[in-house]
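Colleague: Based on the sequences and whatever the hints tell you, model everything.
The opening position of the sequence shown corresponds to residue 1435 in this note's numbering, with each subsequent residue numbered one higher.
Just so you know, the hints here were simulated from the structure itself, not pulled from any lab data.
Using N, Cα and C, we set each Cβ at its ideal position, and we do this for glycine too.
Among the hints, erroneous ones may be present.
Listed next, with one range per pair, are the computed distances between beta-carbon atoms [unchecked claim]:
no., residue 1, residue 2, range
1, LEU1476, ALA1639, 26 to 36 Å
2, ILE1683, GLU1557, 18 to 28 Å
3, GLN1682, LYS1575, 43 to 53 Å
4, LYS1638, GLU1501, 34 to 44 Å
5, THR1690, ALA1565, 52 to 62 Å
6, PRO1703, THR1528, 42 to 52 Å
7, LEU1476, GLU1557, 40 to 50 Å
8, ALA1639, THR1436, 36 to 46 Å
9, LYS1638, LEU1696, 29 to 39 Å
10, GLU1501, THR1528, 43 to 53 Å
11, THR1528, ALA1642, 20 to 30 Å
12, GLY1474, PHE1693, 25 to 35 Å
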Amino acid sequence: MTGDNQRQAAETFRRAHRGPLLLLPNAWDPMSARQFEAAGFLAIATTSGGVAWALGYPDGEKTPWAEVVAATARMVRAVRVPVTADIEAGYGETPAQVAQSIAEIIRTGAVGVNLEDGTPRAEQPVLPLDAAAGRIRAARKAADTAGIPLVINARVDLYIKNVGDAASRFDETVRRAKAYLEAGADCIYPFGLGDMDTIARLVKAIGAPVNIVARAGTPPASELERIGVARVSIASSATLAVMSLIKQIGTELHATRTFDGLGHTMNRPEAQKLFEPRS
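Modeller: Here it is as structure tokens:
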């Protein structure tokens, strides 16, 4: 992807946050990315969990960064629509290291990133606000230096980490959201929040695009759009669904020594067609 094409893709992706609701599937390899594109999605996100598992690692920044970058580049190359990359907490302990990660992920052709403020430490489940905002500020500066209007989706992990009581968690999410927007974020991602009333209150309090993760049982996208949600993604759900099918096929094949369980697979010509050269 040329610099001009990437800038145009980033602007297209940024405009998509203004409505109607942006529904993003999360891919983990070129096949899943191409399948989602073929289904008609206008942009694709990656899933850190799916990418990690596909590469043979657990989720949580356990995958070597170079492999994450290479996997992202393969997905970007496989599709024509904008791709936004889930890079967890930015693969860096300092703002400067996060900025370096941003520069490298931009070189894959990605036009957006997720940056989360959670940590793996039980004694400090989320970064201090100033530290988290500093990393977003560094990411924005790195994107500006690269000349790409990168869409930064700032993930607030208070809900998934169960930090504080309901009232304080809401207030702190709003406080962090506003600080992250001021630091250069474009969209706020309160990961793990599923209560519709709380989502509606949060959307009004933040006054900027909000990304919600959808699971089985989440109300339809039309309902989320009605309460003001700008963007919905599905995280690792599709990856886990595919892994479940592989588990089922393997279990049945090993137990029955028969092949009827292979009948629901995509056929080879369909798969080949997805990857034929496109003009």
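Colleague: Which numbered conditions among the earlier hints are violated in the structure presented, ordered from lowest to highest?
Modeller: 2, 9, 10
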